[in-house]
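J.: Place chain G with the ligand on chain H using the hints.
There are 2 protein chains.
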Amino acid sequence: MQLLLIHSDYIEFEAKRPTPVAEKVEEREKSGRLEEALCAFIAVEKMDEIDIPAAIAAGAKEIASVAEQVKAERIMLYPYAHLSSQLSAPKAAVEVLRGLEEALRQDREVARAPFGWYKAFRLSCKGHPLSELSRSIRIGEGASGAAPPGTAVGARPQEREEVVSEALKAEEKAVS
Amino acid sequence: MQLLLIHSDYIEFEAKRPTPVAEKVEEREKSGRLEEALCAFIAVEKMDEIDIPAAIAAGAKEIASVAEQVKAERIMLYPYAHLSSQLSAPKAAVEVLRGLEEALRQDREVARAPFGWYKAFRLSCKGHPLSELSRSIRIGEGASGAAPPGTAVGARPQEREEVVSEALKAEEKAVS
Ligand SMILES: [Mg+2]
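Top line first, the protein sequences correspond to chains H and G. For the first sequence, our numbering gives the first residue as 12, with consecutive numbering after it. For the second sequence, our numbering gives the first residue as 12, with consecutive numbering after it.
Rather than coming from a laboratory, the hints here were simulated on the basis of the structure. Accuracy of the hints is not assured; some may be wrong.
Same chains, same label: a pair holds when it works inside one copy or across any pair of copies.
Mimicking EDC-like on lysine to aspartate or glutamate, the simulated pairs with C-alpha atoms at most 16 Å apart in a straight line are [stated by the list, open to error]:
1. K137 <-> E84
2. K137 <-> E25
3. K137 <-> E23
4. K27 <-> E37
5. K27 <-> E40
This structure is a prediction, so every number in the text was calculated from the model and none was measured.
One chain only, chain H, in its complex shape (with noise of 0.2 Å):
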C-alpha cells in the first residue's frame, strides 16, 4: 500500500463518471467535503492481497498515527491510482478502503471517496513541514526477513524525510 498524506485546509470530491471497475454506491457518497483534514491518497498493491486484514490493520495505523501527530480530527481517503505500478485487483482494493473506513472511523470523522470513479477535487495543503509526507506499507516483507510484517518502511519517502528531519533540527535550533 502506498500512501501520501496532506494535511488540507480542505479537501472535496464529485464523482464525475463511472470507469468499468467502479465502486457502487449511493448518490450521497458522489460527493464529499472535509475541513482542517488529513487527506489520505491511497494505491492498495498487490502485495496487500497476501493479508487485507493485515494491510488494513497497518494502513489504519500509519493513518491514525500521522493524524494525530499533525493535529488532524478529520480523516479523507481518496482512492489514488497513480501511486503505485502494482496496483491490486479493484475488488480487494475496495475491501482495503472500507476496511480503513472502518478501523478509522473508530475514533475520528471519516469520509471517503469511491473507487474507480473519475472525480473532480479540490484540495488545499497547509505547507507546513509535515504537510505532506509519503509511507509505503509492505505487508508480509517479513517472510523473506526484510522488514517485520506490516512495517511502515520509508522506501518512497527516505530522501524527502531526511530533508524534513534536518529542517526540524534547524527549526529546533532556531527557537532554543
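T.: Here is chain G with the ligand on its own, set in the frame of chain H:
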C-alpha cells in the same frame, strides 16, 4: 522522471520555508497561480542524471503532448519528491526543472514552483477522464534493449490507462 499530470481549473502555491536543499529564488518566485493549466508534478530520478538534456527533451515532449491533448494553454511545473523512491541529486533536479521550463515556454505560458521548499498549494482537478495521467520517462533504457531512449513507458499508468481507454471507447459508442 515520474510525472503526474493534472488538468486543473487553477493551481496556486506559496513557498513557506526552505529545506536545506532549497533552490535560491527571488521573492517574486515564491508564489504563483495559473488558471486552466496542466499541472505537472515532477520527480526527477537518478536515471535522469545519465543524460540530463535527453531527460529534459523527453519530459518536455510528454508534458507538451498531454497539454495539447487536454487543450491546456498554461503549464505549472511543480517538483514532487513523493512520486519516486529513486530521486536524483537536488542539483540535477533543479537543472531538469529549469530545462523543462525553458523548453516548454517556447509555446505556452509556463510557471514553476521552486525546488526544495515546503509549499502550501491549492489545486482544483477538473475530473474528466484525461484530467489525471501519470507517465514514467526512462532515459537510457535503450542501452539494455528494454525501450528506445527517451520513451515514455507506461509502467505506472498501465492499469489506469486501460480503464481510460475502455471508458473513452464506451463514450464514443454513446455519442455515435
Ligand atoms: Mg473553470
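J.: None of the hints should be skipped; say for each whether it holds.
T.: Here's how the hints hold up against the structure:
For a Cα distance limit of 16 Å, the shortest separation of K137 from E84 inside one copy, 15 Å, qualifies, whereas the shortest one across copies, 27 Å, does not. When the C-alpha separation of K137 and E25 is checked against a cutoff of 16 Å, the pair qualifies only between copies, where the shortest distance is 10 Å, while the shortest distance within a copy is 22 Å. For a Cα distance limit of 16 Å, the shortest separation of K137 from E23 qualifies both inside one copy, at 15 Å, and across copies, at 12 Å. Only within a single protomer do K27 and E37 lie at most 16 Å apart by alpha-carbon distance; the minimum there is 13 Å, versus 40 Å between protomers.
Taking the shortest alpha-carbon separations for K27 and E40, only the intra-copy value of 12 Å comes in at or below 16 Å, while the best inter-copy value is 35 Å.
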